[in-house]
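Quick note, the sequences are listed as chains A and B, same order.
Heads up, the first sequence is in my numbering, so the first residue is 6 and it goes up one at a time.
Heads up, the second sequence is in my numbering, so the first residue is 6 and it goes up one at a time.
Simulated from the structure, these hints should not be mistaken for laboratory data.
Only a predicted model underlies this, so the values are computations on that prediction, with no experimental measurement involved.
Treat the hints loosely; a few may be bogus.
Any copy will do: because identical chains look the same in the list, a pair fits if it lies in one copy or spans two.
Stated by the list, open to error - Pairs of lysine to any residue, SDA-like flavour, derived with a Cα cap of 20 Å: (1) Lys407 / Ser248; (2) Lys96 / Pro84; (3) Lys310 / Gly393; (4) Lys14 / Arg348; (5) Lys176 / Ser32; (6) Lys286 / Ser248; (7) Lys9 / Gly59; (8) Lys274 / Asp401; (9) Lys9 / Phe31; (10) Lys9 / Glu224; (11) Lys176 / Lys213; (12) Lys96 / Asn74; (13) Lys274 / Met22; (14) Lys96 / Gly81; (15) Lys96 / Met86; (16) Lys358 / Met86; (17) Lys203 / Ala362; (18) Lys96 / Glu85; (19) Lys414 / Arg39; (20) Lys216 / Ala362.
Listed below, chain by chain, are the residues.
Number of protein chains: 2
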Amino acid sequence: MAQKPSIPKGTRDFGPMEMARRNYIFSTISSVFRLFGYSQIETPSIENLSTLLGKYGDEGDKLLFKVLNSGDAFAGVEPEMLSNSNALSMKVCEKGMRYDLTVPFARFVVQHQNEVHFPFKRYQIQPVWRADRPQKGRYREFYQCDVDVVGSNSLLYELELVQIVDMVFQKLCINVCLKINNRKLLSGLAQVAGASDKIIDITVAIDKIDKIGLDAVKEELMSKGLSLEQIAVIEPALLLKGSSSEKIEAMSGILATSEVGMKGIEEIKELFGLIESANIKIGYELDLSLARGLNYYTGAIFEVKALDYAIGSICGGGRYDNLTGIFGLQNVSGVGISFGADRIYDVLLGLDKYPQALDSAPTVLFANMGASEAAYVLPLAVELRQAGVSCELYPDNAKLRKQFEYADKRAIQFMVIAGDDEMAAGSVTIKNMSTGEQSVVPCDKLVSFFK
Amino acid sequence: MAQKPSIPKGTRDFGPMEMARRNYIFSTISSVFRLFGYSQIETPSIENLSTLLGKYGDEGDKLLFKVLNSGDAFAGVEPEMLSNSNALSMKVCEKGMRYDLTVPFARFVVQHQNEVHFPFKRYQIQPVWRADRPQKGRYREFYQCDVDVVGSNSLLYELELVQIVDMVFQKLCINVCLKINNRKLLSGLAQVAGASDKIIDITVAIDKIDKIGLDAVKEELMSKGLSLEQIAVIEPALLLKGSSSEKIEAMSGILATSEVGMKGIEEIKELFGLIESANIKIGYELDLSLARGLNYYTGAIFEVKALDYAIGSICGGGRYDNLTGIFGLQNVSGVGISFGADRIYDVLLGLDKYPQALDSAPTVLFANMGASEAAYVLPLAVELRQAGVSCELYPDNAKLRKQFEYADKRAIQFMVIAGDDEMAAGSVTIKNMSTGEQSVVPCDKLVSFFK
Numbered sequence: 006m007a008q009k010p011s012i013p014k015g016t017r018d019f020g021p022m023e024m025a026r027r028n029y030i031f032s033t034i035s036s037v038f039r040l041f042g043y044s045q046i047e048t049p050s051i052e053n054l055s056t057l058l059g060k061y062g063d064e065g066d067k068l069l070f071k072v073l074n075s076g077d078a079f080a081g082v083e084p085e086m087l088s089n090s091n092a093l094s095m096k097v098c099e100k101g102m103r104y105d106l107t108v109p110f111a112r113f114v115v116q117h118q119n120e121v122h123f124p125f126k127r128y129q130i131q132p133v134w135r136a137d138r139p140q141k142g143r144y145r146e147f148y149q150c151d152v153d154v155v156g157s158n159s160l161l162y163e164l165e166l167v168q169i170v171d172m173v174f175q176k177l178c179i180n181v182c183l184k185i186n187n188r189k190l191l192s193g194l195a196q197v198a199g200a201s202d203k204i205i206d207i208t209v210a211i212d213k214i215d216k217i218g219l220d221a222v223k224e225e226l227m228s229k230g231l232s233l234e235q236i237a238v239i240e241p242a243l244l245l246k247g248s249s250s251e252k253i254e255a256m257s258g259i260l261a262t263s264e265v266g267m268k269g270i271e272e273i274k275e276l277f278g279l280i281e282s283a284n285i286k287i288g289y290e291l292d293l294s295l296a297r298g299l300n301y302y303t304g305a306i307f308e309v310k311a312l313d314y315a316i317g318s319i320c321g322g323g324r325y326d327n328l329t330g331i332f333g334l335q336n337v338s339g340v341g342i343s344f345g346a347d348r349i350y351d352v353l354l355g356l357d358k359y360p361q362a363l364d365s366a367p368t369v370l371f372a373n374m375g376a377s378e379a380a381y382v383l384p385l386a387v388e389l390r391q392a393g394v395s396c397e398l399y400p401d402n403a404k405l406r407k408q409f410e411y412a413d414k415r416a417i418q419f420m421v422i423a424g425d426d427e428m429a430a431g432s433v434t435i436k437n438m439s440t441g442e443q444s445v446v447p448c449d450k451l452v453s454f455f456k
Numbered sequence: 006m007a008q009k010p011s012i013p014k015g016t017r018d019f020g021p022m023e024m025a026r027r028n029y030i031f032s033t034i035s036s037v038f039r040l041f042g043y044s045q046i047e048t049p050s051i052e053n054l055s056t057l058l059g060k061y062g063d064e065g066d067k068l069l070f071k072v073l074n075s076g077d078a079f080a081g082v083e084p085e086m087l088s089n090s091n092a093l094s095m096k097v098c099e100k101g102m103r104y105d106l107t108v109p110f111a112r113f114v115v116q117h118q119n120e121v122h123f124p125f126k127r128y129q130i131q132p133v134w135r136a137d138r139p140q141k142g143r144y145r146e147f148y149q150c151d152v153d154v155v156g157s158n159s160l161l162y163e164l165e166l167v168q169i170v171d172m173v174f175q176k177l178c179i180n181v182c183l184k185i186n187n188r189k190l191l192s193g194l195a196q197v198a199g200a201s202d203k204i205i206d207i208t209v210a211i212d213k214i215d216k217i218g219l220d221a222v223k224e225e226l227m228s229k230g231l232s233l234e235q236i237a238v239i240e241p242a243l244l245l246k247g248s249s250s251e252k253i254e255a256m257s258g259i260l261a262t263s264e265v266g267m268k269g270i271e272e273i274k275e276l277f278g279l280i281e282s283a284n285i286k287i288g289y290e291l292d293l294s295l296a297r298g299l300n301y302y303t304g305a306i307f308e309v310k311a312l313d314y315a316i317g318s319i320c321g322g323g324r325y326d327n328l329t330g331i332f333g334l335q336n337v338s339g340v341g342i343s344f345g346a347d348r349i350y351d352v353l354l355g356l357d358k359y360p361q362a363l364d365s366a367p368t369v370l371f372a373n374m375g376a377s378e379a380a381y382v383l384p385l386a387v388e389l390r391q392a393g394v395s396c397e398l399y400p401d402n403a404k405l406r407k408q409f410e411y412a413d414k415r416a417i418q419f420m421v422i423a424g425d426d427e428m429a430a431g432s433v434t435i436k437n438m439s440t441g442e443q444s445v446v447p448c449d450k451l452v453s454f455f456k
């Protein structure tokens, strides 16, 4: 009894049309990366578990897919080890599947520090794996498209990322808003409130203001142990309205006494100045409630929202001052941004924004009318391909109706038919499958017909 | 103490230059696949172990990378299970990493049989994983490039694969010889010798004739239990010399009494006839000693050898009559061929056949002479990118010598410099980094300078 075929939950097959759409996204994104001078690299799908563990928090460690050691993985395992599932899995698994592209990139930079030139500008488009609970739009295998530069503190790279976001979404014809914040503004805010130790609680609460409102945010801050006086320092920042430059102005008053806060003001002012001079087409704004993985970002933070389609952020990133420190290379600042290919896929599909004619079907199907007719068209197919026109010959001398059906199902644009009459005349009959129009074309004019 | 970063043995990082070379190979191969009407698909990296196990023989089962179940993988494991490492690994691992692209493709076809149109022409370029002993040229993670068509017995598809091989290696500028055989000829030979049960032993022995010589092959056949009379029937086939058509003629005499053998003669005659009419540029020949994974091929067998570089076969495949039968869909014949990207990489490198200027370095580096100078060139960079010219701005106002050094190390072709004089004149100075030539160009002529 044959097994019913299936794939692991949270993974997907991609058929021809899905691949054509995905390749459109990947090639659009990577072409923009290359226009800005970023080079592609790839790292292995599996890394030593020691490289991955402890880099994504306890929750991340749990979501790592571990790979069983090859050979006799359980040799030397004592029965009492069974009581500690976690320790046992470390003993029998030395490797794990890549969880994101950032940690492998940091490992790459440190391992190859003598081969790469700093500032090192790289992009990486590869799948990652997470043993997360699968649900709509969340997968256990999915692609990330990361672009990062390491080895420079220059804010010109923040600008470059903004320009990349601008160009990618213009090319993809998706209306977006880029939200920008700076981690130092949030640190400064916690500092002036005398609650630097509660920076995470403060930003988690602020992050919800759109959803739950000001009063609920204040309640949450109180429940986390902030005093009314501390909340009163933070509250004005939450009430800020107006343009980005008005918000920056107001924040520089609020943060006047905080060194890190004023450094943040300086950075955000410079970045907004650069962006304004760069003729960016997409909308952008300072969003003080933007938090994004506060634990490792140290400067600018970015997030991109689609304006015409309800979905979480489709792109995000920021600056981290010590990306490679975990692997022993200190003081290498990095800034990068990651495009969520799966969400962008959904946005383009939902808004019907894929270009026409993305399919990889061939342009031409030569009908098969028998052995001598096939011998007549075979050299024509060779010529077309040499001219860059994709084509194929139907494999059997089947009824023409069946051959037309095949062309139709595969959305092939043209049928080329040659029977006795055409062979005698040195020509072929070309049928345009969408208009139904037929033309008789001499064989030596076939290539020019399609070019 | 930071850990010294490393990657699992048998895996590799690919830096910018290696990626540029790999992408050249992949895009050349896939562009040819598309010219012949094949569509790309992708399958997940991890499959259910039940899909993979038992498909590659005992040795293959051992070489599968198994993925530990997420959550508490060892819950319910009894101490006595530790004595059977193999059974235990099945209990705690439900998933495995893809071992090749063929079995996942067969699974895909059966699972999506109502969505795809037959004959279904697909290509697939993805990594596979094998827990093999790593050595020079053999990796635990490597890419395969497979092209297959399922759902037709037509020999026109064998021809198509030959044409694909021809076009790929012409485009890559690698001299190759395509060796062709047919499994039915080997079955016929075993049958006329009255040794159909020893078909594997016979072909394994024949396969070695180039290395060990006729006498040693005969000795090996005897050691496998073939009688002198049986060997006398096989020997003439081993002694065949001459052109492919002379070999076919001789074989049709030897196989006259075998139905399967004569079917093989008919197929190989038809295929060679088709190939001769198709104006193939690469060398090709009938090679009766070609065996290739005899256990599943049923018709034509292909193998490609590089002529100017010593390495194993760089491409191979054939027809298998029941690809999808293991997953319950009977009588779907398939034929396909797989390009070994890693070996092709080595051949191109060894023969120095990569095109010049494969690197993904940007074309232009704008020197950074300070904030106002940067503001002057930023819009020029935007213009260049919109015109498709890749460029970047050096991130800091560093010494010009340092900026030149950076351009040099990254092999950037042009430096564009704008100081007070250029800004006053509305121009820039362009330095060709390879010739040293300098030109002063008005800003509004910059794009046309590079196009």
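Results of checking the hints against the structure:
Taking the closest pair of Cα atoms, Lys407 and Ser248 never come within 20 Å of each other, the shortest separation being 64 Å inside a single copy and 39 Å across copies. In the homo-oligomer, the alpha carbons of Lys96 and Pro84 lie at most 20 Å apart both inside one protomer (13 Å) and across protomers (16 Å), since each shortest distance falls under that limit. In the homo-oligomer, the alpha carbons of Lys310 and Gly393 never lie at most 20 Å apart, since the shortest distance is 39 Å inside one protomer and 27 Å across protomers. Taking the closest pair of Cα atoms, Lys14 and Arg348 come within 20 Å of each other only inside a single copy of the chain (19 Å); across copies the shortest separation is 34 Å, beyond that limit.
Within a single copy, Lys176 and Ser32 get their C-alpha atoms as close as 11 Å, which meets the 20 Å cut-off; across copies the closest is 22 Å, which misses it. Proximity of Lys286 and Ser248 under a CA criterion of 20 Å is satisfied intra-copy only: 17 Å inside one chain copy versus 67 Å between copies. When the C-alpha separation of Lys9 and Gly59 is checked against a cutoff of 20 Å, the pair qualifies only between copies, where the shortest distance is 15 Å, while the shortest distance within a copy is 39 Å. Taking the shortest Cα distances, Lys274 and Asp401 sit within 20 Å of each other only across copies (18 Å), while inside one copy they are farther apart (69 Å).
In the homo-oligomer, the alpha carbons of Lys9 and Phe31 never lie at most 20 Å apart, since the shortest distance is 33 Å inside one protomer and 33 Å across protomers. Taking identical chains as interchangeable, the C-alpha atoms of Lys9 and Glu224 are never at most 20 Å apart, the minima being 54 Å within one chain and 46 Å between chains. Neither within a single protomer nor between protomers do Lys176 and Lys213 lie at most 20 Å apart by alpha-carbon distance, with minima of 32 Å and 57 Å respectively. Taking identical chains as interchangeable, the C-alpha atoms of Lys96 and Asn74 lie at most 20 Å apart whether they share a chain (9 Å) or sit on different chains (15 Å).
For a Cα distance limit of 20 Å, the shortest separation of Lys274 from Met22 qualifies neither inside one copy, at 45 Å, nor across copies, at 38 Å. Taking the shortest Cα distances, Lys96 and Gly81 sit within 20 Å of each other both inside one copy (10 Å) and across copies (18 Å). With identical chains, the CA atoms of Lys96 and Met86 are at most 20 Å apart both within one copy (10 Å) and between copies (17 Å). In this assembly of identical chains, Lys358 and Met86 lie within 20 Å of each other by CA distance neither inside one copy nor across copies; the values are 55 Å within and 55 Å between.
Taking identical chains as interchangeable, the C-alpha atoms of Lys203 and Ala362 are never at most 20 Å apart, the minima being 53 Å within one chain and 53 Å between chains. Taking the shortest alpha-carbon separations for Lys96 and Glu85, both the intra-copy value of 13 Å and the inter-copy value of 18 Å come in at or below 20 Å. For the homomeric pair Lys414 and Arg39, the shortest alpha-carbon distance between copies (17 Å) is at most 20 Å, but the shortest distance inside one copy (37 Å) is not. Proximity of Lys216 to Ala362 under the C-alpha cut-off of 20 Å is found in neither arrangement, the shortest distances being 41 Å within a copy and 52 Å between copies.
Figure legend: structure checked against the earlier numbered hints; hints not met, in rising order: 1, 3, 9, 10, 11, 13, 16, 17, 20.
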